[in-house]
Every structure is written in C-alpha cells, then in structure tokens.
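Going down the list, the protein sequences come from chains A and B. With our numbering applied, the first sequence corresponds to residues 28 to 297, in that order. With our numbering applied, the second sequence corresponds to residues 1456 to 1720, in that order.
Be aware that one or more of the hints could be misleading.
Claimed, not checked - Here are the simulated SDA-like cross-link-like pairs (lysine to any residue), alpha carbons at most 20 Å apart as the crow flies:
| id | chain 1 | residue 1 | chain 2 | residue 2 |
| --- | --- | --- | --- | --- |
| 1 | A | K201 | B | L1618 |
| 2 | A | K201 | B | D1524 |
| 3 | A | K99 | A | L272 |
| 4 | A | K201 | B | S1619 |
| 5 | A | K201 | B | K1617 |
| 6 | B | K1490 | B | R1474 |
| 7 | A | K201 | B | T1566 |
| 8 | B | K1617 | A | Q224 |
| 9 | A | K201 | B | I1516 |
| 10 | A | K201 | B | D1703 |
| 11 | A | K201 | B | E1643 |
| 12 | A | K201 | B | G1620 |
| 13 | A | K201 | B | R1474 |
| 14 | A | K201 | B | S1646 |
| 15 | A | K99 | A | I198 |
| 16 | B | K1617 | A | Q297 |
| 17 | B | K1617 | A | I295 |
| 18 | A | K189 | A | V120 |
| 19 | A | K201 | B | S1513 |
| 20 | A | K201 | B | S1647 |
| 21 | B | K1617 | A | K99 |
| 22 | B | K1617 | A | F260 |
| 23 | B | K1651 | B | R1683 |
Stated by the list, open to error - Where chain B lies over chain A, by a calculated footprint (3+ residues, C-beta under 8 Å):
| id | segment |
| --- | --- |
| 24 | 192-205 |
| 25 | 220-233 |
Rather than coming from a laboratory, the hints here were simulated on the basis of the structure. As the structure is a computational prediction, the values presented were derived from the model and not from experiment. Positions of the beta carbon are idealized from the N, C-alpha and C atoms, including for glycine.
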Amino acid sequence: MTASAAPNAPSNMAAAAFPPNWPKRFAWAALTIYAVYAISVLDIDFERIVRGMDNARRLFARMFPPNLQADKLALIRDGMIESIQIAILATFVGVALSMPIGLAAARNLSPVGLAWAARGLIAILRSFHPVIVAILFVKAVGFGVLAGILALVVSTIGFVSKLFAEVVEEISAKQVEAVRATGAGFGHVLMFGVFPQVMARFVGLAVYQLDSNLRNSTMVGIVGGGGIGAPLFTAYQRFDYDVVLTILLIIIGIIMLMEVVSSRVRQIFQ
Amino acid sequence: MMAMDEAVRQPGAAPVVLRLDRLRKEYRPGLPVLKDITLDFDKSGVTAIIGPSGTGKSTLIRCVNRLVDPTSGSIWFEGADIAQVRGSALRAVRRRIGMVFQEYNLVERLTVMENILTGRLGYVPLWRAYLRRFAEQDIARAFELLESVGLGADFANRRADKLSGGQRQRVGIARAIMQSPALVLADEPTSSLDPKTSVEIMELLADISAKQSIPVIVNIHNVELAKRYARRIVGMTGGNVVYDGKPDGLTAQHLSEIYGGEEWQ
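This is chain B alone, in the form it adopts within the complex (with noise of 0.2 Å):
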C-alpha cells in the first residue's frame, strides 16, 4: 500500500535531516488534523507534499518550525526534539529553519534589503539592527542573494510593496536563505502566482536546493509541478500520509486516493 522510498528508510543512508515521530495536531481535542505522521527527510533536494485543501499540509508544515504548536510526538532536528522546546532555544531552532510562504509575507514597508537582513535577525543585537548595522559579510551575502534570485542590486532599496507577486516571492526566498537554513518550509509558494511565475519560483527552489544542498519541503496544489521539481512526493489525505515515494511513482489511482475522484484528472 505505501510505497516506501527505500533509501529515506535504509539506516546509514543519507543522513536524516528531519524526523516526525507520530506527530499530532488536535485544533479542538478529538479532532486531529495530523494523524500521527511518522517521516524521515534527508538532505536532498526538494520534497513536495500534496494533497486537497484542509488536509493538515500547512498545519504539517507549521509544526516543523512551530508556528504551529503540535499536541503530541516528536519533531527530531539536528539531534533534538524540538516538539516542546520554548523561548530562546526555541529561537536558535527557528533560525536553523527558513520559511517561504504563500503570500510572501514580507514586510511591505521595509525595503528589499531590510526584509532580506531579516533573515539574520537572530543573529544580530537589538541596536544593532535598530541601526541598520549588520555585518559587512552578510550585507555583501545579500547583495548576493539578490542576485541569485534573479532580481538585482538596484531592487535593493525599493520598498517591498512596490514589487509584483513573483518578484516578492524571490525577496521571500532569499530572506529565508539568508538565514543560513538546514532546512527550508515553503508553504503553498506558488498558490498567488500566475502559472509561469510558478514553474520560474519552482525552478528557483529546486536550484538553490541543489546548489547549496538545503532540503527544502514545499506544499503545494500544483501535482504537475510537484512531479516536475520534487526528488519526492509526500500525498496526504485527511490528516494520513497515504503516498511517499518518487514522483514517477504517482499514478492516477494514487491521485484519486489523495484527492478522492477521478472526474478532475
């Protein structure tokens, strides 16, 4: 029934960056929208998870870094269970974790720059950010990044709500990259795009995925993009992981058990 991604499973494979061990959510007890999800993810590229809306995705997500607190099981990251942990050890985690969301999320009236540096917010003292005194090494990182997602040292100073969709979805990326991730969550990264914007920010992960070797685990509606980008597919349907494996490995009996029906296909 579950077709197993062997080397994921096999000890002293790749190494495992992150391990959900029976993860729950319960928003109102008796409810769960996870049910006890158990999955390994190494250090390679880019895995999607799919399924329908409502299915616990985001909620999946949220639990990794915690802006979603789960109700029971454990979260294994670099070598701790991070399930429970609070404040500041809480915080070295989440620096450990980059985050793209949906609707980019960046701060609309902080420049290109300033939303990018936020990515070294735990890294840096309150007045020192107050003053817009970040290191040299990492402004210069910046100035990188911004190039490497395609946008260019002169969008540096424009303020984020002056940007399209698809060039806020590049800031976004490139604020979580800065942090210098293990890891980094997309959360439905293409949803608010146009379908070309999408497969171009597809593309983007899945190359600063490789380039820099951070895995990356994205959310997403789009089962041909998934298919197209992601090293591995992850269907979840009503709170159950009910397909792990190679995207070739999807076949359209796989896509009626997640999404249920065949109409669509």
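Chain A with its partners taken away, still in its complex shape (with noise of 0.2 Å):
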C-alpha cells in the first residue's frame, strides 16, 4: 500500500462523486420551456393585470361596511348552518365507508383482485370535482343539502380511502407479523396490529377531510346542493357586495375556528 489516498481514483473526481442526473436536469429544462411557450400562447399580458387591480379595488370598495342587516344575518345563519351539517354529514358517512375502502385497497392486506377493485373504484370517484359531482346529483335527486351530501360523500371517499390506503400499506410488518404469531384471526391482527398503527393519522385525515368539506359545502350550494352557496351567489349576482363581504367573513371565521378545533383532535388522537 502507497501513502496516496486514492490510488486508482478516477482523473475528474468531482463528477465521479456526484455524476450528473441528465434525466433530472432534462426534465427541469422541458418544464421551463414549456411554461414560457404557454405563457406566449394564452395571451398574459401585464397591461390586464394592472387593469384587473383596478377592477378588484373597486369591488373591495363597495364591499365595505359589512352588510349587518338582521333580515340578512338571519338568512346567512341559516345557511350557514345547513353548510355545516352537510361538511359534517358528509365528512361522517365518507369516512366511515372510507375504511373499508381503504383497508381493501391497501395492497399489503388485502387480495390483489379486490385491491385493484377498490383502487379502481377510487380513481374513478376522484375523477371529478365535487361540482359536477355536485351537478349530477342535483339532477338525480332535485334541489337541496341531500345531494351536497351525496356529492360531497363521494369527494370524502375518494379523498379519504386513497390516503388511507397508502398509510395502511406504509405500516410496519413486523408489528403485524408478531400479533400473527401468536395465533391471532385476521380481525383481531387488524384491531391490534394494523389499527394501532394507522388510528392516528386516519384521525388526521378525517379531521383534515371535515375542514376540506366545510369549504366545499360552501361550493355545492352555488349548483343547488343546498348550504350558503346559493344566497352567496345571489348577492353576488344582485351586486349586493356588502352581504358577499358578511358571508366571506363569517366563512373565514369558521374555518379558522375548525383549524384550532382539528389540531386539539389530533392531539387527542396521537
């Protein structure tokens, strides 16, 4: 053995340490090229942006002062509740047939025929917004908050499962394995070898999936799914600025309230 270092070490060291990922950097390259030409395409110019500000602060403008009208406040809490009963209707019955899903399409548990079955029965649930799913419902089953149920039931499903399913297949084996050794039924290694592991972060979906609803229930109503949607939408139509502005608030308000709620869930659940 000499005293050098590195005897055989290649001429150009530093590429021998770290080669070069062409694909990686070929990929980069298409990504910018692709958004210039887009921008070139789509007729962006600066000139509408400045325009649309002006536009938006005359909006804002008109919207102040809330509007605070009993009349009015009575008509958005109604609303208003209606919304929350659907996110919470919805986020209920969506998860709960969530974990069944999920556990099925979970490809470390379940046969590979009925992984793929609900593997594509999520894709296909998650293939639309819940707007149109939305549309489709109100066509099906008429006006009102039982098709902003139904659409939003579909959304927490396709949401939910997915997820759920990647956690359950990111699971530790081992854990799984001890609770079969000892001679335990497939339910029983669920409830304390499968469940024990994921409980926690199905929670965080769960509680993720209610906030994500309480927001689309806001949505479904604009298409007749029932909730604040509608009266949002009329005083849109009707430039009745001041009331979009009181509903806006009262949303941002309950949001922000379900953000404090869901972090105290999760650290219940943890």
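Need the complex rebuilt from these two chains, each delivered in its own frame; the hints are there to steer you.
So, in structure tokens, the structure goes:
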C-alpha cells in the first residue's frame, strides 16, 4: 500500500463523486420551456393584470362596510348552519365508508383482485370535482342538502380512502407479524396489529377532510346542493357586495375555528 | 462427524416436543436455504442454534410457526404434522408457540399491558378484544408476568414506544409466555441489545424456560452466550446442521467448520 490516499481514483474526481443526473436536468428544462411557451400562447399580458387590479380595488371598496341587517344575518345563519350540517354528515358517512374501502385497497393486506377493484373505484370517485358531482346529484335527487351531502360523500371517499390505503401500506410488517404469530385471526390482527399503527393518521385525514368539506359545502350550494352557497351566489349576482363580504367573513371565521378544533382533535388521538 | 446428543435420539427418553423431518425451504426453486434438516427437540431447556448470517437459522425457526412456508418435509408438533396446515388449524398451532423477535416487534402505539395480552388474542372473541374485556385471570397473569420479566406493575399503562430496547424485549418475552405456549421460538433476541442487556435477556429466557418447563429454541449470533445458557447447541452452516450436542462439546474446530476460517476466534 502506498501512502497516496487514492491510488486508483478516477481522473475527474468531482464528476465521479457527484455524477450528473441527465434525466432530472432534462425534466426541469422541459418544464421551463413549456411554461414560457404556454405564457406566450395564452395571451397573458401585464396591462390586463394592472387593469384587473383596478377593478378589484373598486369591488373591494363597494364591499365595505359589511351588511349586518338582521334579516340578512338570519338568512346567512340558516345557510351557514345548513352548510355545516352538510359538511359534518358528508364527512361522517364518507369517512366511515373510506375505512373498509381504504383497507381493501391496501396491497399489503388485501388480495390482489380486491385491491385493484378498490383502487379502480377510488380512481373513478376522484375523477371529478365536487361541484361537477354535485350537479349530477342535483339532477338525480333534486335541489337541496341531500344532493350536497352525496356529492361530498363521493369526494370524501375518493380522498380519504386513497390516502388511508397509502397509510396502511406503510405500516410496520413486523408488528403485524408478531400479532399473527400469536395465533390471532385476521380481525384480531387488524384490531391489535394494524389499527393501532394507523388510527392517529386516519383521524388526521378525517379531520382534514372535515375542514375541506366545510369549504366545499359552501360551493355545492352554488349549483343547488344546499347551504350557504346559494345566498352567496345570489348576492354576487345582485351586486350586494356588502352581503358577500359578511358571508365571506363568517366563512373565514368558521374555517379558522375549525383549524383550532382539528389541531386539538389530532392531539387527543396522537 | 456429527456429535449427536444421545438422550435426544433414544426412544423412551424425554418426550419430543418438536420433530423436524427432512425440512427443506427454497425461496427460489433449486436454491435450498434449508437442506433437509432433521432435528428433534425435547421438553427441556434452551436450545441455541448458531451459525453465520444467511445460513437459514431464521428461516428454520420461522418454518416452525409457519411465518415461512416450508417447501417440503414435515414438522411434527403436538402429535400432528403442521408443515402444511392452514386457516384455523394453523392459528391453533400458532397459539401454542410463542415467539420472541430480534426487534421485539411490539405494537408501538399499544400499552405494555395491551402488548402482553396480545398473547391471548387467539383465545378471545373479537368484540371482547375490541372492548379490552379480557378474562380476569388473563389480566392477573399479565401482571404476574410483568413482575417476573422484571418490569413491575407500573409499566402496565406505558406505551411500548416509550420503552428502552431491553424493556421492550422483556415485554416481548412476556407476550410470548402469555400464550401459555408448549414451545417458545426466539429469533436473535439479543442482537439489537447491548452486551449487558443481552446477558440479562438470555438469563431471563433460560430462567423462564426452567421454571415453567417451556422449551426454548433460540437463534443467536453470540457463541459465548449460547454456550453459557443453552443446554444444547445446534450449529448450522450453508443450510445444513454440522454440530448438534452439548455446549462443552463445541470445539474450536467445530466453530471453524460452522463459521469458516479461524482468524476471528
């Protein structure tokens, strides 16, 4: 052995130590080029943005002060309560259905055929935005909260069961194996080996989805799915921007409140 | 060549708890990890299986409770060949075989008590397990075991992920014994532990094996520990048994045959 540190080191050491990743470089370059191309094609120009800012300023000016008349508030209150009901019911039903569907879709627990069937179902449920699904349900079951609830149940299953399946696929197989080795049946293994590992994250997903359903429940109303969406949309169309502001402020308040509640709930199930 | 422990072989000697007969495992066809292993295990004490990594020790032990399915051969346990059993028959066999793991394999988010009572899951209806309505005497026994593995009742409600490695392995042992097993398998139970804790854990296994007369089969890397606590040593290399006998019969020459070379000794 000679004293030299690396007798057979390659001539270009830096390149040997950190070899260039050409596919990655190519991907970034392609993305940049496409973005530039898309901007040039889509007729986006600075002048229109400036003009838009001016319009926005006028809109905001007309919003103040928020409308706090008693009859308007009563209307908003009813709509808001309906929205919250839609969100909570849709989350409850959707999350309850997501658990078995998510388990069925987890490839480490479920037989291959069942897993692919469940994944197919999830993919279909995820294909459309809640508003589009809501339009379908309004046509099917008529105007009102039922359509809104069904639409959000669909999107809840799509989101929660997909992520829940991923959570289940990430569990420690060793812990499950140990429970299996005691002679426990499948249900027992799920209960003592699988659920303890995934429940905290499942609750996290459910709470996040409640939050997201609260926001979405204000939207399904626009297409007739019940809740605050309809009064909000009407206020826009009638240029009652002060009422719009009141509704927006209340929605913001409720979402913030939800944020606090959800972090508490997550702590409890840690 | 093979130093057989005569007592094991003689008919009418200590009853055989487990008999492996030409047990073979091939993960890939034509490449056996276990090459027709034939071994008897009687009802007494600790048997240590030693051998280099990748020699099939773990596979051997996992074939016994069928976490790994053997390719051919038979496994006689409590009067039946369990090499091919499935479903509820397999679960009934597993209930009678406790297992201790290298990385403890406790369910991290369950408490110590819940982990120990996991050993009773094979006997408890699902709804009772869900509501944690285990039988009074099972809970009493869990507390007893907690005591006898050296942890004590105040550990009962701690979560498993708050324990040290040695404490976890003690819970792992309590869980295995909670099954009231006819046999305990221990797959490298000390390999993730420091030397002092390793000795304590082996001591505990040997102690429980003697006091409750449960035979323990342990895979172990540490030859010194194996010699100190095992009544019998099985040396494996390349999927074959090359030594089977008392610890004091294990010579430097045997060890070279098992592990290859001599420089490390």
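Verification of the hints:
1. Restraint check for K201(A) and L1618(B): the C-alpha separation of about 17 Å stays at or below 20 Å, so the hint holds.
2. In summary, the hint linking K201(A) to D1524(B) is supported, as the alpha carbons are separated by about 17 Å, within the 20 Å threshold.
3. For a cut-off of 20 Å, the pair hint linking K99(A) to L272(A) stands: about 12 Å separates their Cα positions.
4. Proposed proximity of K201(A) and S1619(B) is supported: the alpha carbons are some 18 Å apart, at most 20 Å.
5. For the given pair, K201(A) sits about 18 Å from K1617(B) by alpha-carbon distance, which is consistent with the 20 Å threshold.
6. With a C-alpha separation of about 15 Å, the suggested pair K1490(B) and R1474(B) falls inside the 20 Å cut-off, and the hint holds.
7. Annotation: proposed proximity of K201(A) to T1566(B) holds, straight-line Cα distance about 17 Å (limit 20 Å).
8. Note on K1617(B) and Q224(A): the hinted pairing holds, with a Cα-Cα distance of about 15 Å set against a maximum of 20 Å.
9. With a C-alpha separation of about 16 Å, the suggested pair K201(A) and I1516(B) falls inside the 20 Å cut-off, and the hint holds.
10. Taken as a hint, the K201(A) and D1703(B) pair is broken in the structure, with Cα atoms around 35 Å apart against an allowance of 20 Å.
11. Restraint check for K201(A) and E1643(B): the C-alpha separation of about 14 Å stays at or below 20 Å, so the hint holds.
12. About 15 Å separates the Cα atoms of K201(A) and G1620(B), which keeps this hinted pair within 20 Å; it holds.
13. Between K201(A) and R1474(B) the alpha-carbon distance is near 27 Å, which puts this suggested pair outside the 20 Å criterion.
14. Between the alpha carbons of K201(A) and S1646(B) the distance comes to roughly 16 Å, so the proposed pair stays at or under 20 Å and holds.
15. Note on K99(A) and I198(A): the hinted pairing is violated, with a Cα-Cα distance of about 51 Å set against a maximum of 20 Å.
16. Straight-line distance between C-alpha atoms of K1617(B) and Q297(A) comes to about 14 Å, which keeps the hinted pair within the 20 Å bound.
17. The suggested pairing of K1617(B) with I295(A) holds, with an alpha-carbon distance near 17 Å, which does not exceed 20 Å.
18. Restraint check for K189(A) and V120(A): satisfied, since their Cα atoms lie roughly 16 Å apart, inside the 20 Å limit.
19. Between the alpha carbons of K201(A) and S1513(B) the distance comes to roughly 14 Å, so the proposed pair stays at or under 20 Å and holds.
20. Distance hint between K201(A) and S1647(B) is fulfilled; the C-alpha atoms sit about 15 Å from each other, no more than 20 Å.
21. Restraint check for K1617(B) and K99(A): the C-alpha separation of about 55 Å exceeds 20 Å, so the hint is violated.
22. Between K1617(B) and F260(A), the direct Cα distance comes to roughly 53 Å. Violation of the 20 Å bound is thereby established for this hinted pair.
23. Taking the CA atoms of K1651(B) and R1683(B), the gap is near 14 Å; set against the 20 Å cutoff, the hint holds.
24. By the rule of at least three residues with a Cβ nearer than 8 Å to a Cβ of chain B, the coverage given for the segment 192-205 of chain A holds, with 5 such residues.
25. Against chain B, the segment 220-233 of chain A contributes 5 residues with a C-beta closer than 8 Å to a partner C-beta. That satisfies the three-residue criterion, and the hint holds.
Taken one by one, the earlier hints fail for this structure at numbers 10, 13, 15, 21, 22, listed in ascending order.
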